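Peer 1: Starting from the given sequences, assemble the full structure and let the hints guide the process.
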Amino acid sequence: MIEILSVTGPASVQDLGRFDQYRFGVGTSGAMDDIALRAGNILLGNDENDAAVEIPMIPFKLRFGRDMAFALTGASVEAEIAGRAIPPWWRSHARAGDVLTIKAISRGARSYLAVGGGIDVPVVLGSRSTQLRGEFGGLHGRPLQPGDILPCAASTAAVGELGVEPADISLARPNAAADETIVRVVVAGEYDAFDAATQALFWSSHWKITPQSNRYGYRLQGPAVKPKAPVEKRSHGIVPGVIQIPPNGQPIIQMRDAQTSGGYPKIATVIRADLWRVGQARLGSKLRFEQTTYPDALAAEAEMSAYLDRLRTNVRLVEETRTCR
Amino acid sequence: MTAPDRPRISLLGTSALLFEAPGTFDLPHQRRIWALAATASKWPDIREAIPGITNLMLTFETPPRELDALITALNESWDAAESLAIGGREIRLPVTYGGEVGSSLQSVADHCSLSIDDVVAIHAAPLYTVFALGSHPGYCYLGGMDPRITMPRRQTPLQRSAGGSVSIGGSQTGVSASPGPSGWHAIGHTSWTFFDPSWPTPAALAPGDTIRFEIKRVIR
Chain A
158 MIEILSVTGP ASVQDLGRFD QYRFGVGTSG AMDDIALRAG NILLGNDEND AAVEIPMIPF
218 KLRFGRDMAF ALTGASVEAE IAGRAIPPWW RSHARAGDVL TIKAISRGAR SYLAVGGGID
278 VPVVLGSRST QLRGEFGGLH GRPLQPGDIL PCAASTAAVG ELGVEPADIS LARPNAAADE
338 TIVRVVVAGE YDAFDAATQA LFWSSHWKIT PQSNRYGYRL QGPAVKPKAP VEKRSHGIVP
398 GVIQIPPNGQ PIIQMRDAQT SGGYPKIATV IRADLWRVGQ ARLGSKLRFE QTTYPDALAA
458 EAEMSAYLDR LRTNVRLVEE TRTCR
Chain B
51 MTAPDRPRIS LLGTSALLFE APGTFDLPHQ RRIWALAATA SKWPDIREAI PGITNLMLTF
111 ETPPRELDAL ITALNESWDA AESLAIGGRE IRLPVTYGGE VGSSLQSVAD HCSLSIDDVV
171 AIHAAPLYTV FALGSHPGYC YLGGMDPRIT MPRRQTPLQR SAGGSVSIGG SQTGVSASPG
231 PSGWHAIGHT SWTFFDPSWP TPAALAPGDT IRFEIKRVIR
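Chains as they are written, first to last, in my numbering: chain A, 158 to 482; chain B, 51 to 270.
Worth double-checking, as some hints may not be accurate.
Simulated restraints, written as ranges between beta carbons of each label pair [unchecked claim]:
1. B/177 - A/333: 54 to 64 Å
2. A/320 - B/77: 55 to 65 Å
3. B/270 - A/310: 50 to 60 Å
4. B/94 - A/463: 18 to 28 Å
5. B/161 - A/292: 26 to 36 Å
6. A/158 - B/126: 48 to 58 Å
7. A/360 - B/116: 20 to 30 Å
8. A/385 - B/94: 52 to 62 Å
9. A/335 - B/177: 55 to 65 Å
10. B/116 - A/361: 31 to 41 Å
Think of the hints as simulated: they come from the structure by calculation, not from any bench.
All figures in this text were calculated on a predicted structure; none of them were measured in a lab.
Heads up, the beta-carbon is just placed ideally off N, CA and C, and yes, glycines get one too.
Peer 2: As structure tokens, this is what we get:
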């Protein structure tokens with residue numbers, strides 16, 4: 158088990174998500190950066206859907222209750238365990254009683270702490286992810302608090318130190334600026350309800366990520382983008398990534414804890430291969446949208462899968478080499 | 051794809067597709083949506099078929115390489131869809147109209163040029179049908195609201211609205227099952243359990259069930 162000693166902001170237990178409960182109004186939840194979660198689990202020889210701790214703010218501190226392997230992926234953080242620094246996207250080993258401290262986040266927005274065997278909270282409706290709105294899943298359906306004890310499954314996985322190349326380096330996009338995230342989107346149902354000038358404004362704007370951005374949605378600030386005439390849709394299903402335009406003309410990107418349906422007009426949807434980039438975009442930074450097509454969005458997913466395949470292969474090769482020695 | 055009497059089909063990125071039926075927001079159209087959902091949920095690569103209000107979202111297990119076959123199948127199945135009548139159960143829900151939770155009662159009355167008593171009487175009169183579940187765990191979208199109390203959704207959604215809120219959004223009404231953000235206008239509240247993840251079916255109500263609101267109290 159691990160004990161949470163200090164936590165800032167809404168840290169939570171997340172796996173990849175709960176994907177088949179929409180018909181009961183239950184959204185996906187799940188890691189905001191699913192690539193980072195998968196990478197952490199790959200490093201540890203876990204099932205890629207095993208649950209980890211999503212850490213959105215620092216400082217964060219926890220104590221390991223027994224010897225175990227762990228990995229830190231996602232945001233680049235300054236982390237330390239028993240006096241030694243842990244590089245980002247790195248697997249390491251903790252001894253019982255060791256304290257892990259995350260002191261700073263230098264790039265990105267969310268760090269993932271995965272442990273060998275996974276965080277072993279009960280599976281509720283097919284997932285271990287925290288459903289904040291429904292108050293179930295994760296640890297008692299709520300964000301983590303100091304004093305919380307997280308059960309960890311037993312693991313026989315390898316324990317040597319090992320790192321992998323971070324996704325934001327391997328999957329870096331051309332012309333990405335330091336403080337701006339560019340995400341690819343496919344236009345959605347109401348795109349044509351906006352005139353050409355407004356559409357152009359949507360593409361060219363450098364959208365500011367407001368402090369009202371969280372796991373529910375990213376509320377953006379910029380020039381008002383309004384449809385030719387007010388659009389009042391009948392409520393329909395939506396998924397994480399959908400960009401809604403409420404009447405004030407300020408886009409909202411639906412994220413993992415978003416409602417499962419809505420009626421505001423949808424201008425576009427962030428593609429699945431780029432949604433993690435939104436999850437790692439920091440409050441106050443800028444975001445820009447780049448139009449893509451459905452086939453190109455599938456190609457981007459294939460590129461993401463290929464990166465994860467490389468990680469699996471590399472980790473396996475390292476383990477094999479170590480076993481041979 | 052956008053002819054007025056033809057369904058509209060649009061993409062939600064690569065994870066889902068939205069089918070919007072042509073025609074009015076009424077029970078006959080919704081019954082065809084339920085029939086289409088029952089059919090489409092059995093197709094390969096479809097994870098779930100989720101009815102909305104006279105529309106249907108299909109989520110993908112694996113995104114199809116080509117969408118043409120799926121779009122054709124949806125159109126053909128819609129044309130062939132018989133009305134699926136679901137004989138649900140009837141629930142009576144006592145509602146306190148107005149007050150702190152139902153603080154938009156006055157603004158709905160003003161917007162619709164009605165008195166508070168009129169809004170309450172008009173809202174509590176119909177036998178509503180659960181058209182679809184969505185938004186948040188256990189939430190029911192209801193069909194059957196009198197268009198006289200229609201009020202457009204909020205300019206900016208609220209970050210937090212109370213659980214049990216009875217609200218109006220456009221020409222729809224519903225009751226929230228838990229606290230959370232909302233773009234609708236709350237006119238009252240009820241206390242009832244709509245969702246429990248430990249139940250064999252986690253949501254208390256299903257499409258086809260009916261709800262009658264009982265006026266417990268009106269706070270002006």
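Peer 1: Out of the numbered hints, which ones does the structure contradict?
Peer 2: Those not satisfied come down to hint 8.
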